[in-house]
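Asker: Throw the hints in and build the complete structure from the sequences for me.
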Amino acid sequence: MNPRELLGRMLLIRRFEEKCAELYTAAKIRGFLHLYIGEEAVAAGIMPALGPEDAVVSTYREHGHALARGISANSVMAEMYGKQEGCSRGRGGSMHLFDAGTRFYGGNAIVGGGLPLALGLALAEKMRKRPNLACCFFGDGAVAEGEFHETLNLAVLWKAPVLFVCENNYYAMGTRLDVSHSVTDLSKKAAVYGMPAAPVDGMDVLAVHEAAGKAAEAVRSGAGPYFLECRTYRFRAHSMYDPELYRTKAEVEEWKKRDPIPGLARRLEMTDAEMAALEKSVAEQVEQAVEFAEGGSWEPVEDLTRFVYSERRA
Amino acid sequence: MNPRELLGRMLLIRRFEEKCAELYTAAKIRGFLHLYIGEEAVAAGIMPALGPEDAVVSTYREHGHALARGISANSVMAEMYGKQEGCSRGRGGSMHLFDAGTRFYGGNAIVGGGLPLALGLALAEKMRKRPNLACCFFGDGAVAEGEFHETLNLAVLWKAPVLFVCENNYYAMGTRLDVSHSVTDLSKKAAVYGMPAAPVDGMDVLAVHEAAGKAAEAVRSGAGPYFLECRTYRFRAHSMYDPELYRTKAEVEEWKKRDPIPGLARRLEMTDAEMAALEKSVAEQVEQAVEFAEGGSWEPVEDLTRFVYSERRA
Amino acid sequence: MTYREAVRAAIGEAMRKDERVFLMGEDVGRYGGCFAVSKGLLEEFGPERIRDTPLSESTITGAGIGAALGGMRPIVEIMTVNFSMLAADQILNTAATFLHMSGGQFSVPLVIRMATGGGRQLAAQHSHSLEGWFAHIPGIRVLVPATLEDARGMLPTALEDPDPVLIFENASLYNMEGELDENAGAVDIDTAKIRRAGRDITVLTCGACLWKTLEAAKQLEGEGIDAEVIDLRTLRPLDNATLFESVSRTHRALVVEEGWRSGGIAAEISARLMENVFYELDGPVERVCSVEVPMPYARHLEDAALPQPAGIAAAVRKMVKRNG
Amino acid sequence: MTYREAVRAAIGEAMRKDERVFLMGEDVGRYGGCFAVSKGLLEEFGPERIRDTPLSESTITGAGIGAALGGMRPIVEIMTVNFSMLAADQILNTAATFLHMSGGQFSVPLVIRMATGGGRQLAAQHSHSLEGWFAHIPGIRVLVPATLEDARGMLPTALEDPDPVLIFENASLYNMEGELDENAGAVDIDTAKIRRAGRDITVLTCGACLWKTLEAAKQLEGEGIDAEVIDLRTLRPLDNATLFESVSRTHRALVVEEGWRSGGIAAEISARLMENVFYELDGPVERVCSVEVPMPYARHLEDAALPQPAGIAAAVRKMVKRNG
Ligand SMILES: Cc1ncc(C[n+]2csc(CCOP(=O)(O)OP(=O)(O)O)c2C)c(N)n1
Ligand SMILES: Cc1ncc(C[n+]2csc(CCOP(=O)(O)OP(=O)(O)O)c2C)c(N)n1
Ligand SMILES: [Mg+2]
Ligand SMILES: [Mg+2]
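As they're listed, the protein sequences go chains A, B, C and D. Start counting the first sequence at 1; every next residue gets the next number (my numbering). Start counting the second sequence at 1; every next residue gets the next number (my numbering). Start counting the third sequence at 1; every next residue gets the next number (my numbering). Start counting the fourth sequence at 1; every next residue gets the next number (my numbering).
No lab work stands behind these hints: they were computed from the structure. Any given hint might turn out to be false.
Said to hold, decoys possible - Between beta-carbon pairs, the in silico distance windows are: (1) 26/A x 194/D: 58 to 66 Å; (2) 240/D x 178/B: 46 to 54 Å; (3) 1/C x 26/A: 26 to 34 Å; (4) 27/B x 240/D: 39 to 47 Å; (5) 301/B x 223/C: 48 to 56 Å; (6) 279/A x 240/D: 54 to 62 Å.
To be verified - Calculated pairs, DSS-like style, for lysine-lysine (alpha carbon to alpha carbon, straight line, at most 30 Å): (7) 188/A x 159/B; (8) 249/A x 39/C; (9) 129/B x 17/C; (10) 188/A x 188/B; (11) 188/B x 214/A; (12) 188/A x 214/A.
Source: prediction; values computed, not measured. All residues carry an ideal CB built from backbone N, CA and C; glycine is no exception.
Answerer: Here is the structure:
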């Protein structure tokens, strides 16, 4: 994927989420809303390394992953609205975006809960002798959960084709990295299981893109899992309820200087006109998504108990 | 503690458990019975490093820990019989030996389940500004559980005075170390949390004794937790039901050559007469324990629902 | 004063009174608590006693057990009930069994608090009400404070209890405003309470459903139906006496709970009424519970999945008319 | 043939027929299974398909979910129900919700087997019967094979189910001997079955308690009491029709289960009978369950804690006489 496309993706995520924040204030979107703003380089940089048959496991902060994976902005926005045209029929909402077409196994609202899933998906690929991998996103907070330990151990034992993508944004809600972890070098934590593990600048989409390509290739070669620690930062609050008592404005401003979007635009020497054109095309997509969502329909309440069990036997 | 005493402790554990195996066959002892035979150097070597106010958290393979901690053979044996004179009133059995007097917080039959407990006990000591530590025994199998990861991280974060004693006997039931762990150097796994971690020859009681002394001192100094990996071997089956399909007789025989008891006796240049005297005194203790247990009484069945809740408010 | 403030006052007071008490959990300190319950406490008590933890539910809970055994009086906060499944082993296999396994030697004076409940469009993994389910476990006590008074008063009593106590705070109540006596303090944690006396039917409920039920009762009053509303307060052990006495008087009973229907606390109460006051009943005990579906995100579906005043009133109406 | 061999035959056949099926769990391979259920299967199918795992219950279960999503048909063995609490989060929050959260896109064709039950003096952490408790969770199916036929036949049907199925094998049944037809194969997993027809009372039960109940029924027969015994087989969803039909005929019902009394499956059945056949009942539905105590080690105490034929018979006698 060329750098301009990466820029376009990041911008789409950014503007899409800015709109979401607005719509949340307008009570069009409800529940929890976890914004990815600031971290776009990770999703945008990782996804091009995946093939269409690879599986993706994500978190509750997954709008960026979903859009970068190619789920349409329309169906993601409709999901946020709770409309049945949404990618999860309106049953999931912001934290539970799913898409069978792109093998996107969801937003998971249990921190760390997706790790074993990705292991199992990878195991299935391996047992079925297919060349695909499972890519698993999770945060620095998830690394403290027991399932992190269990999953990494098993992934190496089974040489399972998992690409672990740790989005280290230095906070788990209000818990700073060094309050979560006795040793804050998370790559070191992963390396001890016997897999390649490396940090990468998660504010630099080109660096992420390159590292992801290398990592995915290693996984596909059959060598087993690979751990990428993307060091990044969320510019916004943890969720819409968070008064951000735990960090200073100055710290946030410092990180904003490394905003991946203007950063890349500068490197690409984008002209004002080029940027304006890009902004316009992105704005159109976002607008269209809102229109689509607004025009969507509510699932009939009589259908409430559908999807508890499958409607046919396998 | 002098080496002869260590030898005496190991011998007591050995003969006590040999008697238990016999009594199991005679159906005097029921349920699960996990023998420690072969691993005596660990319990015997660690315990002298602890003070009377230190807390001990153990596993279901804990007869050796209990006896080395100084719980009387009588009350342990009575517990195995299910008599109310037992150290847990007959409610616990082999897997749940408890003793308030020696701060022995039990046999735990959930693998890994004792790790957080020890952390909490240590935290209490620290918060109460008492100089005691919590000593936690667990197996190589437990290291795979998520709670291992969570507990070690927290212990370092909180500088909790925990002495972690990993009894690496190379198998978790029938699962060989390299089937449980992608990296079999367990000390390395512990070191990554930022605590001192060292392997020690668990078949050599003097080596364990020395290492434990050093480790306990470090913990007491306020430096935080310490991890000792005692490399040892169980000579008997996992429990009384295990046909041992997973290892060869030759492997077992090879380890038996390193039996810690004759090993130490040789180093101490014990004469036949001395050994015979020691054996005799141990045999008397075991016999007495059996007599005590035989003479014990059954808790009245009307008391069944006692100890579900405390009988007084705190 | 809000329910949130009542809980905060309870924690603060307990910590001031007894230095063995401390609070630990995810984001209880710097963040101020996921629901702002512990806001300000870090400043007063410092990070040793308002102890932020990593995401490690099982170990935090187990460490709470250990600290309780070691002479402290920990309050473990599991951020929400939805994450309590990660700590289920420590609760069921250790906290609840320790006293018994040790033949009475070691009690576990641990309090575990968690937010519970749905109704905020948080979907399938963040909307559970498992308090009734936890009430299955012998060895623990399960409390469900519905009022400011109980939010303020159950915690100190729980901290005096020598055994593990689980307190479920329905997150939708945190903003509830009300009056609380200056001297409000410890309350009993043994009894159910009649929140509205009535003649025609007994409606048994707890937590956020208490308010929905009282709303329904008010509506029914206008129709000439006089419902007695009982706040269960403690789900384990249940206060049989109060329940049986009331139903023996009204001869009809409806149980309302936010948990899923099958195997919830409503089922247990129905079974107990069956066994104990069968011959007093004018008709079957009925249940209004959550529909058995993982919680959908969409508002209209979530509303339909949860007990609502209208549904409660309709159930009562049907029951009272049936054997009117 | 034993119950153990029936389970083994079911696993073996499923793996021979469908290469997507594999077994994973602690000690299922080299050790031959904690209860020797999978003995010999490693030799036939190799370590890829009889997959030994480390002690990591949560991740094994989650990996089973993932593998199921990825097109396999995993059988995850949780060694015993006692360790299932470590996997409770994956079961409740992921396996049970996935289809729903994804708006119907992703089903989870996962089978989880575990040994359950007490009676072998394994004390407070190794004697649970939580099958009735798990039946609370929407989105999963809960099976309790009590007979050789069901041990042999429920697994293949469960593997055809597109949704997660939990199978609870009572460990005390593994050595049970019996005849099994050469052609024995898949059985339905939807219905309860009348194991003994009778006129005077319906006794509803499952698992190992089926045999205790049948023993009690035999004893009662000598006294002129004719008990109908129903094997629930599937605890979620319950086969209401069979239950209601029988109780409407006999007008009396006793529920027997090995789980703790409060909030068990017996409570749910009692509540459903209340709601649906109240006017058919000659007297209250009663329960014989385990006493609410962590299991004691001592034999005589354990015997007293568990349902026993004598206790079941006594309960029936009292009920039949009461409204004889
Ligand atoms: C098991 C579990 N515990 C607690 C929570 C509440 N919670 C939601 S997000 C979060 C922080 C997670 O931090 P991290 O993994 O770093 O991801 P980030 O939000 O920074 O992207 C917490 C504690 C949860 N959802 N799941
Ligand atoms: C959580 C849990 N899972 C499984 C078991 C069953 N089990 C009992 S002992 C054991 C092996 C433990 O191995 P290890 O920790 O190495 O201790 P060892 O028996 O070798 O002393 C297993 C799997 C258990 N008791 N607890
Ligand atoms: Mg983070
Ligand atoms: Mg071992």
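Asker: For every hint, state whether the structure bears it out.
Answerer: Each hint, compared with the structure:
Checked against the hint of 58 to 66 Å, the pair residue 26/A and residue 194/D passes, with Cβ atoms roughly 59 Å apart. Between residue 240/D and residue 178/B the C-beta distance comes to about 51 Å, which sits within the given range of 46 to 54 Å. Against the hinted window of 26 to 34 Å, the Cβ-Cβ separation of residue 1/C and residue 26/A comes to about 31 Å, which satisfies the hint. For residue 27/B and residue 240/D, the Cβ-Cβ distance of about 45 Å falls inside the hinted range of 39 to 47 Å, so the restraint holds.
Distance hint for residue 301/B and residue 223/C: a CB-CB separation of about 54 Å, consistent with the stated range 48 to 56 Å. One distance hint, 54 to 62 Å for the beta-carbon pair residue 279/A and residue 240/D, holds here, with the actual separation near 60 Å. For the hint linking residue 188/A to residue 159/B, the alpha-carbon distance of about 20 Å falls within 30 Å, and the restraint holds. Between residue 249/A and residue 39/C the alpha-carbon distance is near 20 Å, which keeps this suggested pair within the 30 Å criterion.
A threshold of 30 Å between alpha carbons decides the hint, and for residue 129/B with residue 17/C the separation of about 19 Å falls inside it, so the pair holds. Restraint check for residue 188/A and residue 188/B: the C-alpha separation of about 12 Å stays at or below 30 Å, so the hint holds. With a CA separation close to 27 Å, the supplied pair residue 188/B and residue 214/A stays within the 30 Å bound. Distance restraint check for residue 188/A and residue 214/A: the Cα-Cα separation of roughly 19 Å lies within the 30 Å cut-off, and the hinted pair is therefore satisfied.
Violated hints are absent here; each numbered hint is respected by the structure.
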